[in-house]
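**Student:** Listed in order, the protein sequences are those of chains A and B.
Numbering-wise (our numbering), the first sequence opens with residue 1 and increments by one.
Numbering-wise (our numbering), the second sequence opens with residue 1 and increments by one.
Keep in mind that the hints were calculated from the coordinates and are not lab data.
Even for Gly, the Cβ is constructed at its ideal location relative to N, Cα and C.
Hints may contain errors.
What the hints assert, rightly or not - From the structure, some residues in chain B lie toward chain A, with a derived Cβ separation under 10 Å: (1) C52; (2) E84; (3) V85; (4) S88; (5) T103; (6) E106; (7) W108; (8) I111; (9) R112; (10) L114; (11) E131; (12) D132.
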Amino acid sequence: MRLSKQTREIVRTTVHEIFGSEAKVKLFGSRIDDTARGGDIDLLVELPTVAVDIERKTLQLTARLQLRMGDQPIDILVLDPSTPRQSIHEQASRTGINL
Amino acid sequence: MNPTLHLPVTRFLQTLEIVAKEGRHLAYSWNSLFSQSIDVGWVARLEHTPACAEQLEAFVSRFGRMQDTMADKLFPRWLLALAEVPGSQIETLNRAERLGVLTSTERWLEIRNLRNRLVHEYMTDPARFAEDLALAKEYSLKLIETFNRLRQDAMTRMGYTKESLPEEIPLPGQVAKSAA
Chain A
1 MRLSKQTREI
11 VRTTVHEIFG
21 SEAKVKLFGS
31 RIDDTARGGD
41 IDLLVELPTV
51 AVDIERKTLQ
61 LTARLQLRMG
71 DQPIDILVLD
81 PSTPRQSIHE
91 QASRTGINL
Chain B
1 MNPTLHLPVT
11 RFLQTLEIVA
21 KEGRHLAYSW
31 NSLFSQSIDV
41 GWVARLEHTP
51 ACAEQLEAFV
61 SRFGRMQDTM
71 ADKLFPRWLL
81 ALAEVPGSQI
91 ETLNRAERLG
101 VLTSTERWLE
111 IRNLRNRLVH
121 EYMTDPARFA
131 EDLALAKEYS
141 LKLIETFNRL
151 RQDAMTRMGY
161 TKESLPEEIP
171 LPGQVAKSAA
C-alpha cells in the first residue's frame, strides 16, 4: 500500500473523530497497488450502526484530511447498515486494506 | 492616486463584478428550486419531471460556478490587490480566514468537496443526493455571505465607496420573508 505510516495514523484518528471510535476504515483503489504511482486516496468507512448526517460528516472528513495531509484528491465512501449496496461497495470492502 | 490604474486592483474589481452576477443567479435558482420541498421522493421522481431536473441542473451549476470563481480567482486576486502574494489554495483560504472574510477554511473545503460530489456523483443514491441538496441549500448562503463580507472588506480595507462596488446580495429565503 502506498500510504505512509504517519498518513495512516492521521486517517484513522480523523475518521474516529468524525464517525466515532467504532468506525472502520479501509484503503482501496490504486493506492493499494505498490507498482502504481500517484492517484486519488480512496477510503471506505464502514459504520456498525445507522448514522445520521452521513453526507455532512463525509464532507467534513474529506476537508479535515485535506488540511492535515495536504490538499489532494480524496474520495470517501461511507457505509452504514442502511446504505443500499452497490457493486463498488462490495469491491472496495473485499479488496480494501484495513488502516 | 487613481486605483483603477493598477492592474491587480482592476482585475479584482472585475472579478468581484462577475461573482456578484453569479451570486444573484445562484440566489434566483435557490429561490425557485427550494420553493419546493426537496426530499428523497422529489429526487426519485426527477426522471419523470424534466422541468424540475432542469431547475436542479441550473442550481447545481450556479453553485459550482460561484464556488470555483471565488476560490480560483476572486480570493487570489483580492490578495494581489492588497499587494500580497497568494500561495496554494489552502494558504489563500487560510489568509482569507485570518483577514475575517472566511469563517473557516475547513468549511470552505467542505463546500468545494460538495461541489465535486454534486457534479461527479450524480444521483447514485437518491437519499444521499437529497442530503447533498440540503447541504447545498445551506452552503449557498455561506457563498453569498462570504461575497458580502469580501465586498465589505473592499470598502473598509481598500477604501472603496459603496457606489463603486457591486451591490450586496440579499440572502435568498430572506427576500421572500421580508416581501411577505
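**Student:** If a hint holds in the structure, say so; if it doesn't, say that too.
**Tutor:** Each hint, compared with the structure:
Hint status for B/C52 relative to chain A: violated, with the closest Cβ pair at about 21 Å, above 10 Å. Because the smallest distance between the Cβ of B/E84 and any Cβ of chain A comes to about 19 Å, over 10 Å, the interface hint for this residue is violated. For B/V85, the interface hint is violated, the least distance from its beta-carbon to any beta-carbon of chain A being 18 Å, above 10 Å. Given hint, B/S88 at the interface with chain A, holds; its Cβ is 6 Å from that chain's nearest Cβ, closer than 10 Å.
The interface hint given for B/T103 is violated, since its Cβ lies 13 Å from the closest Cβ of chain A, which is over the 10 Å cut-off. The criterion of a C-beta within 10 Å of any C-beta in chain A is met by B/E106, whose closest approach is roughly 5 Å, and the hint holds. Because the smallest distance between the Cβ of B/W108 and any Cβ of chain A comes to about 8 Å, under 10 Å, the interface hint for this residue holds. Residue-level restraint check for B/I111 holds (minimum Cβ-Cβ distance to chain A is 8 Å; threshold 10 Å).
A cut of 10 Å between beta carbons decides the hint on B/R112: the least distance to chain A is about 8 Å, and the hint holds. Using the Cβ-Cβ criterion of 10 Å, the hint placing B/L114 at the interface with chain A is satisfied: the shortest such distance is roughly 5 Å. Given the 10 Å rule on beta carbons, the hint for B/E131 holds: about 4 Å separates it from the nearest Cβ of chain A. With 10 Å as the threshold, the beta carbon of B/D132 comes within range of chain A, its nearest partner Cβ sitting at about 5 Å, so the hint holds.
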